[in-house]
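Visitor: For reference, the chains in residue letters:
Protein chains: 2
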Amino acid sequence: MTRRALASSLCLSALAVTLSAQNTGAPQSVFGYPDFSAQAKIDQQFLAVPDAKLAGEELKTLTAAPHIAGSKEDHDTALYVAEKFKAAGLDTSIVTYKAWMNLPKEIHVTATDANGKVLMNGPTPEHVDGDPFDDDPRVVTAFNGSSPSGDVTAEVVYANYGRPEDFKKLDDLGISVKGKIVLTRYGGNFRGVKVYIAQERGAAGVIIYSDPADDGYFKGDKYPKGPYRPDTGVQRGAVQYLFKYPGDASTPGTASTPDLPESQRLNPATAPNMPQIPSTPISYHDAAPILAALTGPNVPHEWQGALPFAYHVGPGGVKVHMDLKQDFAYRDIWDVIGKIPGTDWPDDWVVAGNHRDAWVYGAVDPNSGTAAMLEAVHGIGALLKSGWKPKRTIIFGSWDAEEEGLIGSTEWAEDNAAALSHAVAYFNTDVGVAGPNFDASAVPSLKEFVRVVTKEVPAAKGGNVYDAWKKSQSEGESRRHSANEHLGQGAHQNPDVEIGDLGSGSDYTPFIQHLGVPSTDIGSSGPYGVYHSVFDNYNWFIKNADPTFIYEQQQARVFGIEILHMADTDVLPYDYVTYGKEITEYLEAAKKKADESKVTGLDFAPALAAAKHFTAAAEAVYKKQQSLPANPADLNTQLRQVEGDLLSQAGLPNRTWYKHTIYAPGEYTGYAAVVIPGVNEAIDAKDSARGAAQLTALTEAINRAASTLETAAK
Amino acid sequence: MTRRALASSLCLSALAVTLSAQNTGAPQSVFGYPDFSAQAKIDQQFLAVPDAKLAGEELKTLTAAPHIAGSKEDHDTALYVAEKFKAAGLDTSIVTYKAWMNLPKEIHVTATDANGKVLMNGPTPEHVDGDPFDDDPRVVTAFNGSSPSGDVTAEVVYANYGRPEDFKKLDDLGISVKGKIVLTRYGGNFRGVKVYIAQERGAAGVIIYSDPADDGYFKGDKYPKGPYRPDTGVQRGAVQYLFKYPGDASTPGTASTPDLPESQRLNPATAPNMPQIPSTPISYHDAAPILAALTGPNVPHEWQGALPFAYHVGPGGVKVHMDLKQDFAYRDIWDVIGKIPGTDWPDDWVVAGNHRDAWVYGAVDPNSGTAAMLEAVHGIGALLKSGWKPKRTIIFGSWDAEEEGLIGSTEWAEDNAAALSHAVAYFNTDVGVAGPNFDASAVPSLKEFVRVVTKEVPAAKGGNVYDAWKKSQSEGESRRHSANEHLGQGAHQNPDVEIGDLGSGSDYTPFIQHLGVPSTDIGSSGPYGVYHSVFDNYNWFIKNADPTFIYEQQQARVFGIEILHMADTDVLPYDYVTYGKEITEYLEAAKKKADESKVTGLDFAPALAAAKHFTAAAEAVYKKQQSLPANPADLNTQLRQVEGDLLSQAGLPNRTWYKHTIYAPGEYTGYAAVVIPGVNEAIDAKDSARGAAQLTALTEAINRAASTLETAAK
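Line by line, the protein sequences give chains A and B. Per full-length UniProt numbering, the very first residue in the first sequence carries number 1; after that it's consecutive. Per full-length UniProt numbering, the very first residue in the second sequence carries number 1; after that it's consecutive.
One chain only, chain A, in its complex shape (with noise of 0.2 Å):
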């Protein structure tokens, strides 16, 4: 899974200029080098190793055969890639976890009319003429990663995407979902969250379908005459409830290896991250009876979807009966690790990750960017053959099982949380190439440091990544602006791209929230209308997102040259102000809510001082960063520690597991990230006491930070 939080605010970088170099070509001086020439070298030495044709093949060979976390077909993925990474002349291991997963047994969603007649008997299975993939034997049938077994036959209320304002309006419209079945399109949230507030709402079970108005023809053509989704088209999904923690059920904060005792371990089925009441994925071929069987009034106008009739919310009309039977057990899931040990800094690991398993062929998630991940391999592959050695280690990370909740990662985080706790950076990158619109979401003091290296890496079609990414945004923003003309609001005048802070979804969550490695996430965007479902295949892939691997190819590059530059600059280039400044924006937008809200007791002035404090000493670290001293490894060293002084040990209010103070996952949006969370989850609770504790703990980490840097400058 993956979905990249574009953050609406718009920072400009106070560094941008210096940090930058020219636009286009390799750059003159790049931060944090005395001389940049030699890295350019290298670079440059990288550059011309990941091949488009191999990337190819490669995604080819990954996505040959469905390969569910846990599965055999998962487990050749996993030999291959270790083989590539024993090939570029990686230390490299295939470690294995034990997690709490489930598999369909059996899924059976049928509908039937007040007298009884079957409107609908399924579910109807993924098929379109013309794909050769769909009716593999080995597909595994439509279902939610982490939802109990349970035959419910209850009446249906249509809940829209099942945000909380969505249940509010239900409740303003006099109709409850206790005892009854959920029905909520995708969209607008992650799809654990749509369980978790009907379960706290005493539904009896949930199913979730994609609209064609969101997700289908109502967007463009269907595969396979275009990339949206068809009739039968499922998105399968975890609904996990990753915003308590991700991983394995029954290991919070531990590593689940093979030999954890059971009495070691929660009862996973009853865990806090366990959804209590069942709920599966479903077509819109398969949800339109329902929902036009449903009566009660009709639905608030922008809840109609794309279906060709009158939605109404129900209950009414319509019963459905959903028999789940679920096969849970403790399965073996297989992480590659590949390292390459650093000469000067081994214990400053610089880590790359991608997953590997997928719901069904994963052509796009993951699987591109495991080929782009193998060809940035590849690279250093090369630069190691001829004689270059990284001055911090590097460890390759090929993760599995993060579909059914970032497994694969968690585990691996949590068994190094000692090691990774001095890490200089996490690299992720999930949906490598699902079109031609790179993408990325970084920590503020790594956004600058993106944009450098896209400004290095040539694009697919000529130019610079950095600037293709600045007009495939600018055009994005422009079509907005027309679809938006009424609001008069002039162009945009940000003269920089925007990268989106992290939320969830993929598997930067360990490293950034929980261990306070700062961490990016890169990938390559476009129309892609089969996410999650059998059609994410390689035939979908070479028709749609990338017929020649080219974005494939810039995708390894940019890859690649991010952690090239991280494993060898001599300064870290973390940039501080940014983040500063980041944080001040956070804080009188919480303080306004607050106002408006009416959410009284709490004083802002001490965090605002903090952060007024910290963006103060970041400009002096900043100066003595590009003072570049011959001996760096104490200002690296501390330079470091900023972003684990962010972290609260205490972690956030119920779910603790979550101990960044300046980023998590929204409890109530999941993937998109909630900024402060603490202190904002609070104010939207209303709970004032709650909300004072929590802006003492940000200030604390604030100020430990800014006392960090402030060392850091001396």
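Hints are supplied without guarantee of correctness; some may be wrong.
The list treats identical chains as interchangeable, and a pair is accepted whether it falls inside one copy or across any two copies.
[Claimed, not checked] Calculated pairs, DSSO-like style, for lysine-lysine (alpha carbon to alpha carbon, straight line, at most 27 Å): (1) K471 - K168; (2) K178 - K168; (3) K117 - K225; (4) K319 - K225; (5) K471 - K60; (6) K686 - K168.
Hints were generated in silico from the structure; no laboratory data involved.
The hints should help you fit chain B onto chain A, whose structure is shown.
Guide: Relative to chain A, chain B alone:
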């Protein structure tokens, strides 16, 4: 037909507080009366008469059979209305005009794919199970009034709403409509404009359909389950170029009396208001197979409708054969005219009208208005029987052939142009009741008059009409605001109801825009998805619009009070202060537009000075109106002359029938009003020379009116 354009500019009436009385019950004093108490008694006597049950019976009688203009059934309704007029004591006559009109002899629209396979063989008859009216053999096949016959086979291009910006987008896509059949959906402008632009661009023909996104299930449940357009429902309508001139094609500016010889007529087939390419309306049931088969590029996202597939622009994939055999002839039409001579100022006519002809049954459009008018007549008849007589002459007009192009009203107005040059008001109602939400358009001088009238009339559901109107507007407003929360605009601050500007689409057009008679148009709206279809019948009406006819009663009361006040007031209650302010706003907006679109050479200073002069004089006149001179005849004459002064005898460029310098239907919008049209349309055409000339003509008109106001103020 009717489409009421609600002004987006919100001009607070300076007179609002002064002119209006208390918000409930009969007002204590009303502007124009030295003592309102006598009038208040007459009003109360009147208000007691209009009867909901009788209105329902009248509606049922009027809509018992399809009664298209010129048919025997139409003549029957004329006799019925005349009988009602006579029974009320009106001096009644049936006035016959001769109108060049088409009826469909044969209408065929078929679609075939590249292999000649028939995809659609239409038109499919309008039908739903459960409707008692749709199978009557007298129902006229759906067709376009004023469309020529034509036999065209061509490829298809989809042009969204057929607005200028849509055809511009086709240019951008490199797609020509030359020789093609343009398929366009209803909405965004008057259907005649769609054909007009397509003709300008060399299209071979036009097909217009109702997309369910705009008019069908995307809005709510289809009839008979709900009020919205069912699959087979077709919107008939005239494509006459009414923005050139309305009325009989052969007699612009002249009454088409039965004895007017051919030698004094234009050749109607080639007259300027007659389309030269064939066009026909179809249902979304019949449009779907064409759109589904269309190839070419995917549509721009905002062109996608609610049919269940991705739309393409074409051409390609499908050919359409339109074979339209129209039966054009001069046919007799029948206006019913009922007069009540005025005692004091018999030459000062108060005209009130509604059309009677319908495309099919016309329960909403127009006979909900006819029933309301008959109950207003009923009430005024009761006053007459009690001995009351109006001071000014009241004339009721039951117009014919409005649907074909405002023919009955236009011919009668042209016939009575001399007398109407000093008529004090024309009050229109077309769609009297489509639902519960009262709505009005008016010239600025009568906006406050309408507000005052509605404050006196009890609302169907309690309180007064004004308050109910305000409530429904503010609810609509907050719905719009809650859908646009991201705009960050505060709640709407306008403390008064908005009243729209008069564009076109109903019978006020000849009165205000050709002759300068101050006009209003009132009605009541609601979810109305059967416009111009067979389903706009008595069954739909009692299920959806007004089951107990209480809104019919309300409408009769408002219409009647408008007439009574205008007939009996001492000083005419025109509000020229508001008029002056609105003209100033129009000028400022046009100046801004000219600047932004870089149309130079337009000096707005003289026009703005004239408007300032107008407003200052209006303020002085207003004081005089308030002082209620003992013999107001001269003042009234001057007050009335002001609207006439705003006419330009030269008329608008290329459409000289339209004489009003402040309001006209837009040449490229058709229904919606364009303000200061000569100037604004020249700016849109980037024609500086024309703009300058129009600005001069406008300035002269405003100065004429200002001088008259100054004389009146003396």
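Visitor: Against this structure, judge whether each hint is valid.
Guide: Going down the list of hints, with the structure as the test:
1. K471 - K168: between (40 Å within a copy, 24 Å between copies)
2. K178 - K168: Close inside one copy (14 Å), not across copies (52 Å); limit 27 Å.
3. K117 - K225: Classified as between; 21 Å across copies, 34 Å inside a copy.
4. K319 - K225: Between copies, since 21 Å is at most 27 Å while 35 Å is not.
5. K471 - K60: Neither: 31 Å inside a copy, 63 Å across copies.
6. K686 - K168: within (16 Å within a copy, 51 Å between copies)
Of the numbered hints given earlier, the model fails hint 5 alone.
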